[in-house]
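First to last, the sequence lines map onto chains Z and C. Each residue of the first sequence is one higher than the one before, starting from 1 at the first, in the numbering used here. Each residue of the second sequence is one higher than the one before, starting from 1 at the first, in the numbering used here.
It should be emphasised that the hints constitute simulated quantities derived from the structure, not laboratory data. Only true hints are included.
No distinction is drawn between identical chains; accordingly, a pair holds when it is met within one copy or between any pair of copies.
With a straight-line Cα cutoff of 20 angstroms, these simulated EDC-like cross-link-like pairs (lysine to aspartate or glutamate) come out: (1) K230 to D210; (2) K369 to E102; (3) K389 to D185; (4) K259 to E346; (5) K158 to E359; (6) K158 to D210.
Number of protein chains: 2
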Amino acid sequence: MPKTNGTAERPALVNSGEILSLIATGTATSRSALLEASGLSRVTVTQRLNALIETGLVRETARTMPSGGRPTRVLGINEQAGFFLVANIGETYIHLAAMDLEPAIVSQSTIPFNASDGPAVSLAQISDGFDILAAKARASHGSLFGVSLSMPTPVDFKRGRVVGPSVLHGWDEFDIIGWLRGRFDAPIYVENDVNLMATHEHRQNFRHVDDMFFIKAGTGIGSGIVAGGKIFRGAQGAAGDIGHIQFSSENAPLCRCGKLGCVEARAGGWAIARDLSSRGFTAENARDVISLVEMQKPEALMLLRSAGRVIGEVASDVVSILNPSLIVVGGTLARGGEFLLSGIRELVYQRCLPLATRELQIVLANPQKDSALFGAAYLALEDIFSLGKVEQLIDRHTIDRARPPSQSGAIAG
Amino acid sequence: MPKTNGTAERPALVNSGEILSLIATGTATSRSALLEASGLSRVTVTQRLNALIETGLVRETARTMPSGGRPTRVLGINEQAGFFLVANIGETYIHLAAMDLEPAIVSQSTIPFNASDGPAVSLAQISDGFDILAAKARASHGSLFGVSLSMPTPVDFKRGRVVGPSVLHGWDEFDIIGWLRGRFDAPIYVENDVNLMATHEHRQNFRHVDDMFFIKAGTGIGSGIVAGGKIFRGAQGAAGDIGHIQFSSENAPLCRCGKLGCVEARAGGWAIARDLSSRGFTAENARDVISLVEMQKPEALMLLRSAGRVIGEVASDVVSILNPSLIVVGGTLARGGEFLLSGIRELVYQRCLPLATRELQIVLANPQKDSALFGAAYLALEDIFSLGKVEQLIDRHTIDRARPPSQSGAIAG
DNA sequence: GGCTTATTGGATACTTCTATACAAAACTCA
DNA sequence: TGAGTTTTGTATAGAAGTATCCAATAAGCC
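Make a model of the complete structure from these sequences and hints.
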């Protein structure tokens with residue numbers, strides 16, 4: 001007896017998940033590549049591919065790839081077959097967006113964020129904002145494929161919770177996924193913002209780099225580890241917490257965390273702002289620091305370069321421990337360009353053994369404001385299209401399509 | 001047309017690799033577990049399993065597991081179906097062994113090692129030693145399944161070469177795998193000894209820990225990273241090189257590597273021996289240090305504890321960066337027990353955020369001399385039985401068995 | 001000992017996938 | 001323009017795997 005789900009009337013769809021996964025992840029984007037990658041026969045691949053194209057999930061793109069003979073048609077997922085709802089929770093605002101499967105932003109909005117409101121209130125505000133974006137997106141982009149949240153705190157990814165004390169009082173151990181499941185009928189993801197920025201940078205610009213280290217130098221300092229092409233999270237999801245590594249020395253500055261001499265207290269945006277303030281400038285955070293840097297104030301340049309050396313000190317530890325082939329420096333301070341980078345490079349090349357540095361690249365991230373949003377979309381995208389879970393997506397999609405031909409416009413609120 | 005290989009006459013063997021892999025890796029060790037894990041039907045599993053048992057690769061063990069009804073028979077690979085040749089290259093000696101698939105040592109030998117001989121001479125000596133061990137092993141343990149080498153230097157695992165300048169002059173970039181392929185017709189592996197010790201410790205005692213950090217504190221200091229259950233090697237295979245992380249401070253000691261203030265120059269066995277010598281003791285290496293510790297010499301105890309604090313300093317960096325759930329301390333200095341461990345614990349708990357330490361365990365490794373050998377065996381074992389490669393093994397094994405006629409002439413077919 | 005439970009083996013009809021061959025399509029290059 | 005090359009589609013027979021039913025087996029439990 002066939003399964004009692006969306007694939008019931010389409011036998012060829014039953015096992016087509018593998019094909020969809022290969023296309024979505026970019027592992028195989030032509031019919032012949034699919035043949036090789038899947039190990040299936042041409043008959044089977046053709047059959048399943050046609051079924052997928054029929055559902056609208058996959059389409060033939062206009063592009064072709066030269067082969068010597070008849071060029072191969074490039075396949076891709078139809079970016080408009082579904083959409084994600086993503087949110088980036090910042091310090092004082094929340095950035096919401098509906099994103100297609102490219103991923104690209106379809107529509108977006110911003111709402112104020114008050115950390116003291118607690119999770120239930122803020123999640124309700126986010127959900128309300130999502131509802132508005134979803135109503136628009138549903139008209140042009142099919143159904144909701146996933147919800148993905150970027151948090152400015154450590155997150156236990158598996159459990160979908162903020163962990164450890166942080167600026168977000170009341171969020172610690174709050175069941176975010178559980179709460180959102182009550183409002184949205186789709187897979188839900190919660191992840192730390194730095195890991196998402198690292199994901200975006202990797203997928204967008206360095207997809208073929210196996211081991212990458214991403215440093216976010218902003219008001220605070222954090223990092224994301226890409227090991228074997230995947231985000232490495234550690235036991236509690238706290239991996240990459242380089243901001244509070246301590247260096248012992250005399251007159252170690254006091255950190256926000258209560259310890260002395262943390263990296264962040266020496267090189268974070270707030271620490272540089274602190275030092276600039278004591279020299280008579282007005283600066284509170286990383287953005288203020290960068291403004292002064294852009295005005296070419298010598299004190300700001302000097303302090304930024306010196307911050308680079310501090311970050312370079314941790315970076316050299318990381319290089320010794322992880323031996324990445326690429327370090328990407330992002331965050332607000334990265335807008336300071338070479339003034340920051342040169343200090344990092346200096347320390348890494350000074351301290352690390354040549355074996356680890358001879359093929360090491362240290363570069364700036366693309367300054368992009370929505371990096372965490374894109375990372376959040378990639379996270380959802382890749383999980384949803386992963387081998388074990390695609391079949392669910394296919395079911396979901398075919399059922400949704402079977403329902404209304406959706407011509408009549410308005411959606412009630 | 002059937003494949004023209006060892007499985008030609010046994011159709012049921014053709015796709016039985018998955019079954020074998022599941023059993024060998026311990027993922028599924030009973031018939032019902034195999035059914036679930038493989039997703040195949042019982043008929044197919046039974047058929048393939050029988051084929052595997054017939055070849056002698058798999059056998060039913062005497063053990064059973066209670067189930068409420070008829071207990072399930074526990075399956076396992078037949079440890080005597082094949083053997084590995086493994087070698088651990090030390091500073092002045094090479095430890096050779098033939099190991100079964102348990103893995104357990106079948107027979108062993110030791111030959112002197114002279115680093116200045118160069119790779120060709122030493123590899124020839126190793127191969128000669130292997131030949132003797134193999135001749136014995138072949139009589140009782142089937143055919144050679146793999147050759148695995150443990151090196152006291154950084155190794156680029158993928159390319160099978162020693163990389164970076166080290167104590168082993170002439171070995172840098174020498175094609176070890178290529179050389180050994182001329183002598184042995186089996187897969188060949190070369191890996192750094194610390195990674196192998198970490199592998200052994202993980203597989204033997206902490207198989208279900210995902211993220212583990214292994215510190216080898218001996219004459220030198222190194223480490224092995226287990227991330228997601230697998231050894232993490234980094235871009236050049238140089239990951240885990242914590243011995244040469246520098247701490248800036250006044251009167252930083254000079255390291256063997258030419259830099260100032262490396263961890264090894266502060267806390268390595270040779271550094272403690274150096275400090276003990278300057279206090280009138282006779283000590284050259286980690287073993288000498290431990291002898292003095294075992295004699296309860298206060299100076300030795302003090303220096304060991306202080307070395308623990310230095311190691312703890314790097315360990316705390318590692319905890320911040322990787323967030324492991326377990327740190328295992330091995331190597332000769334670990335024989336100093338709590339005197340070493342307490343210093344490590346002290347610094348880690350002092351420096352790291354509670355989130356990262358609240359479930360962190362810091363323990364001593366089992367003091368076992370052959371740790372690297374076992375690690376080398378596990379390395380070969382797991383690769384050979386991995387999903388993509390088992391089929392080759394089956395071919396190889398069935399051909400080998402078909403060749404030497406045990407009784408007389410032809411096998412009925 | 002009988003009852004229950006769960007594993008294990010085997011036979012059958014049926015579904016799914018493959019191998020193979022042939023044909024058409026779409027590009028390059030001379 | 002036509003030959004060469006590779007991709008793509010489809011029909012067919014046959015191989016491989018599954019579902020299902022029935023039966024035997026080996027424990028624990030009362």
